[in-house]
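Chains as they are written, first to last, in the working numbering: chain A, 857 to 1361; chain B, 3 to 399; chain C, 12 to 255; chain D, 36 to 307.
Treat the hints with care, as some may be off.
[To be verified] SDA-like, lysine to any residue: derived pairs with alpha carbons at most 20 Å apart:
1. C:Lys224 / B:Ala268
2. B:Lys58 / D:Gln93
3. B:Lys60 / B:Lys150
4. B:Lys17 / C:Pro140
Keep in mind that the hints were calculated from the coordinates and are not lab data.
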Amino acid sequence: MKATRRDLFKFAAGGATGLLLTPAPWRLVTDAALWSENWPGIPKPVRGELRTRFTHCALCPAGCAVKARCVGDQPISLIGLPGKPLCAFGLMGHQLPYHAGRVRQADADAVRAVIAKRAANETVAVLDLRPGRTASWTYRRAMAALPRGVYLAARSSVPAVNLDAVKIILSLGVPVLDGWGTPSNVQQARSHFRLIQAEPAESRTALLADQWLKIRPGTELELVEALATGRGGAGTGLNEKVIASVANELVQAGALFLAAEESPSVLELNRKLGAVGKTIVAQREAPVPRSWKPAPVTPINSVPERSIGVLLIDESAADSYVPWSKLEGKLAPDALVVTFASSQAGYGRQAKHLLPTAVYPESTGDIPPAIDSPLATFRLTTPLVAPPRGVVNPAQFIGGLAAIDAADALRERAGAIHAAGRGSVCTYADGRSIPVEDIQPDQFWKALNDGACWIDEPGGKLLPPVLRASTPAVVALNWEKRAARGPMPPLVSKLYQESNLRVRI
Amino acid sequence: MLMFGLYSAGLCLVKGLNQTNMDNRFAFGLWIFLDLTVIALGAGAFFTGFLLYILKVKELGAVINSAVVIGLVCYSGAVAALLVDVGQPLRFWFTFWYPNVHSMLTEVTFCITCYLTVLLIEYVPIVLRNRRLRQVPSFLIFEFELHKLVYVLAGVGTFLSFFHQGSLGGLFGVLRGHPFAFREGLAVWPSTFFLFVLSAAAAGPSFILLTTWLVSKISNRQLVRPEVLPLLGRISGMLMIAYVLAKTVDTLIWINHTSPGAGVPAWQYYSWKPFGTWILFAEIVAFGLIPALVLLTPRLRLRSNWLVSAAALTCIGIALNRFVMTLQTLALPTLSFDPFLSYFPSWQETGTFLGVVGFGVLVYSFSFRYLNLFPQERDLEQPEAAPVREPALAGRY
Amino acid sequence: MSARSYGMSIDIDKCTGCGACMVACAVENNVPPAPEGVNERKGITWIRVFRLDNGAEGVDRKWAFLPMLCQQCGENTPCVSVCPQQAVQLDPATGIVGQMPERCLGCRYCMAACPYHARYFNWWDPSWPAGMEKTLNPAVAPRMRGVVEKCNFCHGRWHAAKARAAAQGRRDLDPADYVPACVEACPTSAIRFGDLNDLENAPERGSFRLLEKLGTGPKIYYQTQRDWVREIAAAPGGTERAHG
Amino acid sequence: MFPWNYGFHWGAVSIVFLGAFYCVLTVISTTLILALRRTYRSAAQGRADRIRWRSEFQELAARDRLCRHMLSGEFPYRECRNAFDCRRCEAHARILEKRRPAAVAETEEEVFGMAFPLDRLYHRGHTSVLPQPDGTALVELDELGRRLIGVPDQIALPQPGTRLRANGTGWRIRKREADIRVLAPVDGEVVDVSPARGGCLLVRPAEAAFDHLLTKSEVRPWLLREMERLQLALTAQGAPTLADGGVPVDDILASYPSADWDAVCSRMFLQP
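Next comes chain A alone, as it looks inside the complex (with noise of 0.2 Å):
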């Protein structure tokens, strides 16, 4: 017993000191470490040829110039132009087709049918987010087409702001600072011009502003009564003095107005402060094909109560938002409310069906001036990566109930450009502005897939915008409002998670 004890503890012993003497106990506390390094379900970063594409931002309506370094025909990061840069938003915009909340499947063909049939003999409306676009058009036409099609417009007109006139700007609620205008634009313009905030919320372009007036909520419109007559006011908080000595300013500075809501007492005031015309125009568009027979903008406040019955929205590139509150009582008892968009955030909480679109930057499509652009402007937001299996383009999709074909409406529009022979291209590989009479139509439309945006010439003078019934769409949406409604790409965890710059709303 005592001998084979021993005999054991000298077995282990020796044992372990042989070991320690192999490589045994080194190998594996090295691979030990690599494994540590290498741990399982770390990605690879995939390797390849580096190369550079140019695209236009389609996240929000300024649509900036976007220069994609990409590893084979995999965007891996982006960046704006020199002196044009994007802002945290469009950083990040080639993860979007990841972000969580993506819808990808749905039955197209069965709601197609049902629409199809429905459209007979009932109201069919279209709501588009972001007018101006060629889809807008293929919408508007595709309405006129229909028995009883009609094109509603989030925003009835579309006014521009001339940013290098601006001397002050009075802002009800704007996000002027924050998602408003072409981030570069008014970073320039931001030296000349004075901002006054009136807001009830401690947003950030109030907290950034020059002044910020708090004034109670909903009271935007009496203070620019107050402003205009020099009477009243008191229900919006603020003290006469404050009221008296801001219009002062603006009568002196020929302000400019910009509401969160469009109303016609704003535009009053702007055209007797002299803004008309001088900072605050119309929006120019560019061309489009003459054989193009659009269905009138119908404003959402004249539609008859419980006259749709069947409502398709376009959700697939929203600026702004008409109120839910205010499309129910338009809608028919049993209407079919269709959405197109890429995630319940939005109005697919109340739609019957939601159609899954392509998302930037998969999709295909144009871009609407920018606010701050008091000229016609065309772009074209090319696919970086291809879009999912399943996805629907709206465009396409209601230019179908129609029988027209979407397909090529891009196209011809460049077509419809070019043959008005005005502006002048500028490409974004090289730098170099050409006008259009010089290129040839493929060239023209070659240049504007590769990246390059058309530009209407200065000329003629500015018209007033025209000024149409009010719409009760909420315009402007500030980057908190879109984080809440639309999808957003993951790492914004960085703005509203990881860190307190931003706030979920």
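Following the hints, put chains B, C and D in place on chain A, whose structure we already have.
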């Protein structure tokens, strides 16, 4: 409790440290605090050994075994907690492979591992003295021979302990980024280095005193001669008073020179509730000076309840000091625009903590049950029977 | 190549707190989006924009935004000396404090040492939504769980610039060739980057550094014309109007 | 850690630090190796028994280590320093010279009704030695020892020719759970063995010096002491005290079935 501890630790190892409530500001939490405290309390092992084998204070032979076991328990517990605490436990050996000799943590790691081995070796004879094991002659002889060499180990242990106890203090003393903890010092070591050595040496005997008292209460047996505990108390008291004095001087220098030098007036630290100046007072006076004085007053020292409570106060004082050094340091903001943070350990952390404690208790009680931790115990058994008379031949002597 | 000392000068008054730098940084350096339930205390943002306010209430309240990143301390760098295994090193050639994640033990001692809280620990396994890993930057390796990481002035870009310089037979790299992602992305060009030894990058007069008195020699300089901002930013040790 | 590791640079600090580290390592390892070598050496020299006795003697409670001369009242208090081996004890030698021959000419002590014939010498491990005319000596358990064990379950006697060492293992007895090593009273060589009466050996002593064993007048006080210890051991087992004055029954175990006999015997046969 042990199971729960293992489960929590397992969670932290498998799922990662997101299980804890630590964060980027509170990079250290309950565990580091635990380690520092436990190691300070475990200092009894080296200090008793030092006194007994190097300075030949024979009376301490009564508690040396118990001291060694306590030391072993504390250190192994601390190392276990550390292994859970680091993000990549598989890489523990990197510290030995690529040591950055300027880092206090390197020093700590090296010393603690060495000292743990020393403690293990010192523990071997105690184990081998078990009656059953002693039946094996080779064990018997080995124990005997090893015991003759134990003073060498005691010497090494003292050396190692001195350095890692100090380095543990250094850990925070060198944090230039935290004016609250940063101290200038002698040579390469900040003053906290020496303060920690002193405080650990002071706390060690107190903790042994405490455990001995506790064990004898629980087992209601008399384990050591009555004069031993007061002796421990006296040693602890003398060191404690020295520590308190040193600490006071250091604090004054810090308040008037070091901290303003870093651009922060010292009052600012204490403007953050709940860490008012009371914590400074508690640390130095309530849990420092008072027990020291009690332990140094012979009359009080001989009253066991005074003695024990003073020892307890000392231990609490040291724990408080470690708490201040670890958690308060991290809680205080350094930049003007970062907030004062508070931190509360998650149940996984607490579980691991309890697990370590449970492990300690288990090992100690097993050792107490099967090994002879208190050699004097046999001598102190009181015969309950009446002295034997011998009726037949009574009055013969 | 002559020894450089790269640094930044940040104009607080220009910063609008848009967060472009934070996003660009995360994109460039393959920092994953946060898992559920992560807050600003456990998140990973190599550069983080802090929000200061002047403490006033209502309409008088003003904001300032202060981008905070690793300050690349040049003198007795707190994190370098404490790392037990040389996972943090100050590169004498560039003055950049480098972090080696594959060497890091995850003891977080460096985080405790950093007065700027500019170091971040991987509390979670890095994970990207399905498909998003395709968008990772091949120049930077993602970090594993349980290690510390921080800003290194886009080291990948520095290597690339060196490679280009070498390819063109230049010994020195062209300043325009090496620009960190945050600098490139800043819409208001509030962040300037360069070799502090060069005259054009030398910090302007009146610019200050954070916690200068600690004597860690940070290489990030800040400017502001607003007194309250300077007062808050320059003051060490936390104030009541802390805004995390 | 090693000069060839990445990131290693020679510097005062690293040299000092690593130097210290390696010193510590060497010290620890040499200590261990030394201990092991000595272990093997002493094991080879078969000094196990001596060492065991030494360490066990240290383990004995102080009151079990009393000097025989204290028992016989020549010292007020004195603990034995030579592990009950009076042959090297100069104090013992001195006392023997001073001591006048014992007046009492009794042939037998009778303690608690146990007979301890004085023609033999007693070892404190409860063995007795009866020198034989032919120079050998008869070694067996004494009365108390025998009564403690009663009828042994099993006896392991050494082979004739085995060398015994004083205070080393004489023979082993199993009784109930108790495994008792009976300490050999003398150095010598076993000539003959018999299992009778709890085992007895015929031993040829190495030298005929028996003065480390108890004789004549020392026997009674020692035995009284032993009875005390026995009682203490029994009471420690929670057994009722010895029937006062009553002569212990023949088989003490039988009368204390509950007692942990291992503990009692180990106490009485001096093996903690």
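Structure-based check of each hint:
| no. | hint | verdict |
| --- | --- | --- |
| 1 | C:Lys224 / B:Ala268 | 14 Å, holds |
| 2 | B:Lys58 / D:Gln93 | 18 Å, holds |
| 3 | B:Lys60 / B:Lys150 | 15 Å, holds |
| 4 | B:Lys17 / C:Pro140 | 19 Å, holds |
In summary, the structure agrees with every hint in the numbered list given earlier.
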